[in-house]
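> Protein sequence lines, in the order shown, are assigned to chains A and B. Numbering (the numbering used here) for the first sequence: 1 to 399. Numbering (the numbering used here) for the second sequence: 1 to 352.
FYI, nobody ran anything at the bench for these hints, they're computed from the structure. Wrong hints could be hidden among the right ones.
[To be verified] So the derived label-pair ranges between C-beta atoms look like this:
id	chain 1	residue 1	chain 2	residue 2	range
1	A	Asp-155	B	Ala-319	35 to 45 Å
2	B	Ser-91	A	Ala-208	36 to 46 Å
3	B	Ile-92	A	Gly-86	45 to 55 Å
4	B	Ser-32	A	Asp-303	53 to 63 Å
5	A	Glu-288	B	Pro-120	23 to 33 Å
6	B	Tyr-16	A	Gly-86	54 to 64 Å
7	B	Leu-199	A	Asp-155	38 to 48 Å
8	B	Ile-200	A	Thr-149	37 to 47 Å
9	B	Ile-92	A	Ala-59	34 to 44 Å
10	B	Ser-91	A	Gly-317	55 to 65 Å
11	B	Asn-273	A	Thr-149	22 to 32 Å
12	B	Val-280	A	Leu-315	37 to 47 Å
The C-beta atom is built at its ideal place from N, Cα and C for all residues, glycine as well.
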Amino acid sequence: MKKKVLSLMLVASMAAGLLAGCGSTSASSSSASSSDSAEAEAADGEVFKIGGIGPITGAAAIYGSAVRNAEQIAVDEINAAGGINGYQVALQFEDDEHDAEKSVNAYNTLKDWGMQILAGTVTTTPCIAVTDKTAEDGMFQITPSASSTNVIANDNVFQVCFTDPNQGTASAQYIAEKALGSKIGVIYDSSDVYSSGIYAKFKTEAEAQGLEIVSESAFTADSNTDFSVQLQSAKDAGADLLFLPFYYQQAAIVLKQANDMGYEPTFFGVDGMDGILTLENFDTSLAEGVILLTPFAADATDDLTKSFVAKYEELYGETPNQFAADAYDAIYIIKAAIEAAGVTPDMSVADIGTALKEAITTVTYDGLTGTGMQWEATGEVNKDPKGVVIQNGAYVSID
Amino acid sequence: MFKNMNKKTKNSLITYAIVIAVYIIVEGVVLSGNMSSLLQGLLVPLCTYSLCAVGLNLCVGYLGELSLGHAGFMCIGAFSSAFFSVVMKESIPNDAVRFIIALIIGIVFAALFGFLIAIPVLRLNGDYLAIVTLAFGEIIKNIVNVLYVGHDSTGWHISFQSQQALNLEADGVTYINGAQGITGTPHNSSFTVGVVLILIALFVVYNFTNSRTGRAVMSIRDNQIAAESVGINVRKYKLLVFTISAAIAGAAGVLYAHNLSTLTALPKNFGYNMSIMILVFVVLGGIGNFRGSVIAACILTLLPELLRGLSDYRMLIYAIVLIAMMLFNWAPAAIVFRQKLVAKFRPGKEEI
Numbered sequence: 001m002k003k004k005v006l007s008l009m010l011v012a013s014m015a016a017g018l019l020a021g022c023g024s025t026s027a028s029s030s031s032a033s034s035s036d037s038a039e040a041e042a043a044d045g046e047v048f049k050i051g052g053i054g055p056i057t058g059a060a061a062i063y064g065s066a067v068r069n070a071e072q073i074a075v076d077e078i079n080a081a082g083g084i085n086g087y088q089v090a091l092q093f094e095d096d097e098h099d100a101e102k103s104v105n106a107y108n109t110l111k112d113w114g115m116q117i118l119a120g121t122v123t124t125t126p127c128i129a130v131t132d133k134t135a136e137d138g139m140f141q142i143t144p145s146a147s148s149t150n151v152i153a154n155d156n157v158f159q160v161c162f163t164d165p166n167q168g169t170a171s172a173q174y175i176a177e178k179a180l181g182s183k184i185g186v187i188y189d190s191s192d193v194y195s196s197g198i199y200a201k202f203k204t205e206a207e208a209q210g211l212e213i214v215s216e217s218a219f220t221a222d223s224n225t226d227f228s229v230q231l232q233s234a235k236d237a238g239a240d241l242l243f244l245p246f247y248y249q250q251a252a253i254v255l256k257q258a259n260d261m262g263y264e265p266t267f268f269g270v271d272g273m274d275g276i277l278t279l280e281n282f283d284t285s286l287a288e289g290v291i292l293l294t295p296f297a298a299d300a301t302d303d304l305t306k307s308f309v310a311k312y313e314e315l316y317g318e319t320p321n322q323f324a325a326d327a328y329d330a331i332y333i334i335k336a337a338i339e340a341a342g343v344t345p346d347m348s349v350a351d352i353g354t355a356l357k358e359a360i361t362t363v364t365y366d367g368l369t370g371t372g373m374q375w376e377a378t379g380e381v382n383k384d385p386k387g388v389v390i391q392n393g394a395y396v397s398i399d
Numbered sequence: 001m002f003k004n005m006n007k008k009t010k011n012s013l014i015t016y017a018i019v020i021a022v023y024i025i026v027e028g029v030v031l032s033g034n035m036s037s038l039l040q041g042l043l044v045p046l047c048t049y050s051l052c053a054v055g056l057n058l059c060v061g062y063l064g065e066l067s068l069g070h071a072g073f074m075c076i077g078a079f080s081s082a083f084f085s086v087v088m089k090e091s092i093p094n095d096a097v098r099f100i101i102a103l104i105i106g107i108v109f110a111a112l113f114g115f116l117i118a119i120p121v122l123r124l125n126g127d128y129l130a131i132v133t134l135a136f137g138e139i140i141k142n143i144v145n146v147l148y149v150g151h152d153s154t155g156w157h158i159s160f161q162s163q164q165a166l167n168l169e170a171d172g173v174t175y176i177n178g179a180q181g182i183t184g185t186p187h188n189s190s191f192t193v194g195v196v197l198i199l200i201a202l203f204v205v206y207n208f209t210n211s212r213t214g215r216a217v218m219s220i221r222d223n224q225i226a227a228e229s230v231g232i233n234v235r236k237y238k239l240l241v242f243t244i245s246a247a248i249a250g251a252a253g254v255l256y257a258h259n260l261s262t263l264t265a266l267p268k269n270f271g272y273n274m275s276i277m278i279l280v281f282v283v284l285g286g287i288g289n290f291r292g293s294v295i296a297a298c299i300l301t302l303l304p305e306l307l308r309g310l311s312d313y314r315m316l317i318y319a320i321v322l323i324a325m326m327l328f329n330w331a332p333a334a335i336v337f338r339q340k341l342v343a344k345f346r347p348g349k350e351e352i
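The shape of chain A in the complex, shown without the other chains (with noise of 0.2 Å):
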């Protein structure tokens, strides 16, 4: 019997030291994100608190990162200049590890922390998620990659990126446009929204342009470490052109078995491509002549971009991809709502998201990733894809 009681106090002091934990946690972390911000010492209602979501651990750790590493520079930039209408800006990044259910955990730690306005989350999925609960709070979000249709279901959230249907719809009008290629082979990933919803629209757009898909065949997440089977089906229907529309990892997988078996056909990728040069082990020399739709070119010859690319460089020494672009371009996007807006870090998270989302749509906003991009109520971006090629080991445009 005593012992019956003894463990049930263990278990109700573990439960309460549990707890405790928790409240000192989140007090600690708080404070210590906000130290790590310029603008410290600077109480609530000063500072504008945006928050960032996105994997920085996991498979998909590149575009979380890249996303944070942009977010901080801008936010450094606007703040060293005076901040948006005189005020400062706070920025806190949790990470979601490209999952739905941390995602919301992270959106939750964020909301302790006091975000007002969401620069987030990266990858598609999680986002879908957390759009409901920001969708609940009435929070202003902006994401800068998620590009799922679904993404932007609630009128509160916005994207920089394309749609999945845009790109795909945009890389055949493109392949047909330019004469890419006739027979076109396509490898997707059945089991990525990302990769499938591209897929479908490219297929349907395809048709309607007269390109001939020879070959098409699907992998899933288990089974994208050997493409052999695939690419030796693209290779007998005689597909001189190759549609990638997935991530960088599995396409620098495929790069390598292709050039093994010597099959040399020109390879397309849509923004998911973006990362193969930084990726390590990778032999650059084999992505040379690949070519991707993004909308951001790390060596554009206008000011902004190469003052971008310079800064990124020398803070986080690797080139910055396109989900950094985006990034970057989601903060300057949401100053430049809250500068027409006119709304101040005191007021509520409903009353902030409200304005923003009305004055979004007169915004019209140059950057990184596009000139003269405007948006749609519904949350849709307006700007033009841009073609880029791989040429000694790094993106060309060729338009």
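Following the hints, position chain B against chain A.
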């Protein structure tokens, strides 16, 4: 009264009391407005994983068979119930009624699949069984990933190819969109529902293990040949336990699905990673110890979130803490150390 009570009954009552006490404390803190949004958001996942762990513990601890496919049963519960909820959103506007039906559907489907899978699987035992359940869990996940279901004026369309292959009319709605899963599941899970489900699950497993059937199951675990020799129908009991275990995992799936607006079957949430995670809850909490399963599931789900302050080192520290906890709980030397510690404070009484 308490003193004369059966040891097992006492044990189960203590567990119920802990769950109810935690529930009351948490609700109190939430009502007083002192709980962070993070913790409030975590309450339902905590219930989900606790339920799963209880379900698997029945299979591992009492039947003695290792199942690595429980995330698959969770997946079935989640998808069948979410599908129902999304389709019936308009027809049954009452949240409570719809959710209860969805819950029953999720549990029944998971149980049904558990039963069907158990028929071939339980011909094996030990490691072989574990590997086969692993395969079944993966099969479930992969089938869900290629399943497309839509509805239009001409009726239901099902495809295993692509969304276009459904050939929907213009007014058609795609309910299950392959890898993109189900979106727009209503938010019906709450902490209260989760705790009620945990209590029901605990009630079921405690009474089950304490019954004639439960003792038969344990006799099979301890010595199958001896159990057979005294006339126990081994197959029947194995099937029964496996089905109940799958049903509880299905209930966890329902809870999971109705907590997020998007439901996809990724390796992360319904793959073997998750199955192994559930097994970790069970092993850390103690095999055959339901209370331990709930506590372990809560701790291991909370831990990565509470470590957010460490930013980049979070997952690394999480892994180290997990190793440390395993060692502290189950290393023989640590057990001896704990016994010595207890003996010091309470001399004169031998600890087991």
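> Look at each hint and say if it fits the structure.
Going through the hints against the structure:
no.: 1; hint: A/Asp-155 x B/Ala-319: 35 to 45 Å; result: holds, 41 Å
no.: 2; hint: B/Ser-91 x A/Ala-208: 36 to 46 Å; result: holds, 37 Å
no.: 3; hint: B/Ile-92 x A/Gly-86: 45 to 55 Å; result: holds, 52 Å
no.: 4; hint: B/Ser-32 x A/Asp-303: 53 to 63 Å; result: holds, 54 Å
no.: 5; hint: A/Glu-288 x B/Pro-120: 23 to 33 Å; result: violated, 51 Å
no.: 6; hint: B/Tyr-16 x A/Gly-86: 54 to 64 Å; result: holds, 58 Å
no.: 7; hint: B/Leu-199 x A/Asp-155: 38 to 48 Å; result: holds, 40 Å
no.: 8; hint: B/Ile-200 x A/Thr-149: 37 to 47 Å; result: holds, 39 Å
no.: 9; hint: B/Ile-92 x A/Ala-59: 34 to 44 Å; result: holds, 39 Å
no.: 10; hint: B/Ser-91 x A/Gly-317: 55 to 65 Å; result: holds, 57 Å
no.: 11; hint: B/Asn-273 x A/Thr-149: 22 to 32 Å; result: holds, 29 Å
no.: 12; hint: B/Val-280 x A/Leu-315: 37 to 47 Å; result: holds, 39 Å
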